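K.L.:
Just so you know, the protein sequences line up as chains H and C, in that order.
Going letter by letter, the first sequence gives residues 0 to 318 in numbering that gives the first Met the number 0.
Going letter by letter, the second sequence gives residues 0 to 253 in numbering that gives the first Met the number 0.
Do not rely on the hints blindly, as some may be mistaken.
Stated by the list, open to error - Quick list of simulated restraints, FRET-style, between CB atoms:
#, chain 1, residue 1, chain 2, residue 2, range
1, H, Asn-46, C, Pro-177, 45 to 53 Å
2, C, Gly-23, H, Arg-62, 35 to 43 Å
3, C, Arg-19, H, Asn-46, 31 to 39 Å
4, C, Ala-192, H, Ile-19, 57 to 65 Å
5, H, Trp-131, C, Ala-119, 35 to 43 Å
6, C, Arg-246, H, Ile-19, 15 to 23 Å
7, H, Gly-22, C, Arg-246, 43 to 51 Å
8, H, Gly-81, C, Arg-19, 56 to 64 Å
9, H, Arg-62, C, Gly-228, 46 to 54 Å
10, C, Arg-246, H, Asn-46, 26 to 34 Å
As the list claims (entries may be wrong) - Take a look, some chain H residues computed to stay more than 12 Å from chain C by CB distance:
#, residue
11, Asp-14
12, Arg-62
13, Trp-131
14, Lys-140
15, Ser-142
16, Gly-170
17, Glu-204
18, Thr-264
19, Cys-266
20, Gln-282
21, Leu-287
22, Gln-289
23, Phe-294
24, Gln-299
Unchecked claim - Partial chain C-side listing against chain H, Cβ under 8 Å, derived:
#, residue
25, Ser-5
26, Arg-19
27, Pro-96
Bear in mind the hints are in silico, worked out from the structure with no lab data behind them.
Just so we're clear, the structure is a prediction, and the values are computed from it rather than from any experiment.
We treat Cβ as the ideally placed atom computed from N, Cα and C, and that holds for glycine.
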Amino acid sequence: MADVAAVADPILKIDKLSKIYPGGLKALDEVSLEIRRGEIFGLLGPNGAGKTTLIGAVCGMVRPTSGTIHAFGSDLARNWRGLRSRIGLVPQELGFDMFDTVERQVGYSRGLFGCAPDRGRVEEVLRSLSLWDKRGEQIRKLSGGMKRRVLIAKALAHDPDLLFLDEPTAGVDVELRRDMWRQIDTLREQGVTIILTTHYLEEAEEMADRIGVIDKGRVLLVDDKHAMMRRLGRTEARFTLADRMDVLPAYLDPFGLTLDPAGTTLCYRGGDGTGRGKQEVAQIARLLTQQGILFTAIEQRESTLEDIFVDLVENGVAA
Amino acid sequence: MINFRSTWAIYLNELARFRRTIFGSLVGPVLTTSLYFIVFGAAIGGRMTDIGGVEYGAFIVPGLLMLTLLSESTSNASFGIYMPRFTGAIYELLSAPVGVAETLIGFVGAAATKSLILAAVILVTAMLFVDYRIAHPLLALLYIMLVAASFSLLGFILGIWAEGFEKLQLVPLLILTPLTFLGGTFYSIDMLAEPWRTVALFNPIVYLVSGLRWTFYGQADVNILVSFGVTALFLAVCVTIIAVIFRTGWRLRS
Ligand SMILES: Nc1ncnc2c1ncn2[C@@H]1O[C@H](COP(=O)(O)OP(=O)(O)OP(=O)(O)O)[C@@H](O)[C@H]1O
Ligand SMILES: [Mg+2]
Numbered sequence: 000m001a002d003v004a005a006v007a008d009p010i011l012k013i014d015k016l017s018k019i020y021p022g023g024l025k026a027l028d029e030v031s032l033e034i035r036r037g038e039i040f041g042l043l044g045p046n047g048a049g050k051t052t053l054i055g056a057v058c059g060m061v062r063p064t065s066g067t068i069h070a071f072g073s074d075l076a077r078n079w080r081g082l083r084s085r086i087g088l089v090p091q092e093l094g095f096d097m098f099d100t101v102e103r104q105v106g107y108s109r110g111l112f113g114c115a116p117d118r119g120r121v122e123e124v125l126r127s128l129s130l131w132d133k134r135g136e137q138i139r140k141l142s143g144g145m146k147r148r149v150l151i152a153k154a155l156a157h158d159p160d161l162l163f164l165d166e167p168t169a170g171v172d173v174e175l176r177r178d179m180w181r182q183i184d185t186l187r188e189q190g191v192t193i194i195l196t197t198h199y200l201e202e203a204e205e206m207a208d209r210i211g212v213i214d215k216g217r218v219l220l221v222d223d224k225h226a227m228m229r230r231l232g233r234t235e236a237r238f239t240l241a242d243r244m245d246v247l248p249a250y251l252d253p254f255g256l257t258l259d260p261a262g263t264t265l266c267y268r269g270g271d272g273t274g275r276g277k278q279e280v281a282q283i284a285r286l287l288t289q290q291g292i293l294f295t296a297i298e299q300r301e302s303t304l305e306d307i308f309v310d311l312v313e314n315g316v317a318a
Numbered sequence: 000m001i002n003f004r005s006t007w008a009i010y011l012n013e014l015a016r017f018r019r020t021i022f023g024s025l026v027g028p029v030l031t032t033s034l035y036f037i038v039f040g041a042a043i044g045g046r047m048t049d050i051g052g053v054e055y056g057a058f059i060v061p062g063l064l065m066l067t068l069l070s071e072s073t074s075n076a077s078f079g080i081y082m083p084r085f086t087g088a089i090y091e092l093l094s095a096p097v098g099v100a101e102t103l104i105g106f107v108g109a110a111a112t113k114s115l116i117l118a119a120v121i122l123v124t125a126m127l128f129v130d131y132r133i134a135h136p137l138l139a140l141l142y143i144m145l146v147a148a149s150f151s152l153l154g155f156i157l158g159i160w161a162e163g164f165e166k167l168q169l170v171p172l173l174i175l176t177p178l179t180f181l182g183g184t185f186y187s188i189d190m191l192a193e194p195w196r197t198v199a200l201f202n203p204i205v206y207l208v209s210g211l212r213w214t215f216y217g218q219a220d221v222n223i224l225v226s227f228g229v230t231a232l233f234l235a236v237c238v239t240i241i242a243v244i245f246r247t248g249w250r251l252r253s
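Turn these sequences into a full structure, and let the hints steer you where they fit.
P.N.:
Put into structure tokens, the structure is as follows:
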């Protein structure tokens, strides 16, 4: 399914990028990453992992200590003027002139990035983010979620080909978040490449094509979302037994179950994200019933990206 | 190659910011200038002899104008660049395809424009109180523009250097205002006795006030070419400092 051309010609190529802050903190440690044209890339990592620093290095807020960045096939350090006009950024934190009005701010962003004034385009962007009714409002009077949309509108005003969203839905309610996901989908259809960071793992799972896991400045793993689920996906099930069990019977051997010390809970961990885990759980339940072993409850859950992520961060790249 | 659209966008954005506060930013200086004229021009000036053939009330016009120009240019430009740093809006400027030229022309140009408007308002206000003529209007305009640009540049540097609002006020308050008052705003440095006269010549503001006074009345403490030279040198130093700031990313990029 990988688009050969896209892989061969990444829209963004980061090579051995390191950033050591003046205090001596190594926020990025030889990060290498390739972003494909047209994809949505999810950058996942705990607080302080280096996500914002990585984005900052590409967008010009952070001066890399070493390493290179190529965007659209050209060296960003050398051709920044031409390249930056094609890159958009929605920062993690709100930052704008709160006393200015929505429409003026968005128009300003467009001009700042070198585009000719175009009220029609600004209107389009504002409408697509449901901000048109608020166009004359001072930004400080908008709600937090609306302010965040203004940030997005500002980033979209110059029609970037590569868009960074640094935790775009932090502090945004569920409905607004779904709205933004739709917005991101629309952008993808228009061919915009999107790199997003998020603490809502649900969001990366929902939105991203590929996911990169970053911690302590190092990229631990980059993979297709589904491949990652297949590779690391787990089904977890707990059978609560009606009567105490002393030893695991032989017929359960193939499933690698564990019995808790009290002998009343059977634990299953297995599967690979393809559904095999669920089938095995059903099989175990059937076997137990056939053998006349009563259980009073089954708790079953699929591990989410979050579990995978915690697993990776805690145990390194185990898989 | 400079990005004109970006430059224009920054310039207009800054002017829009000024427009929001136009009343306050005009009323303050006009009121202050009027007070100076009432106190120094009407009350005290009546008892002063003419200086170099210029009536005292008229004599202080260029000095007062310089006082306002210096403080307003500096504070406007310093606020202009400090505010985005403070609010976090600086991210956009840093991520945009703009370099030192666009940023400088945009911010400093806007601050200088505002200073020019103020200068015009003050000159009109002065007309209400004293009779004065401008001997070399074109040179005066050129000189005012040069000073407005230079001190907007200084303000820009201040705005990048400052890490809090108090520091932003510090330099204008502790350096600019005293130097301006001691720089011959209200007197000719010829009126000073030695060694103060020589000491005064180390005050760069003396050259600025003197230069502007020359464009008004065709005579001044210091040769007009020296005044122009000092101002141009000051402008060049500021531009160099700012170029270095941008190259190293000091206080702007982490
Ligand atoms: N300007 C700075 N000066 C010094 N250290 C910094 C600076 N900015 C970030 N850091 C440090 O670098 C590390 C990475 O920070 P960064 O903001 O990139 O993390 P993040 O992954 O975006 O975290 P979060 O999810 O909380 O936003 C942190 O330890 C942070 O304290
Ligand atoms: Mg961050």
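K.L.:
Tell me, in ascending order, the numbers of any earlier hints that this structure violates.
P.N.:
7, 8, 9, 12
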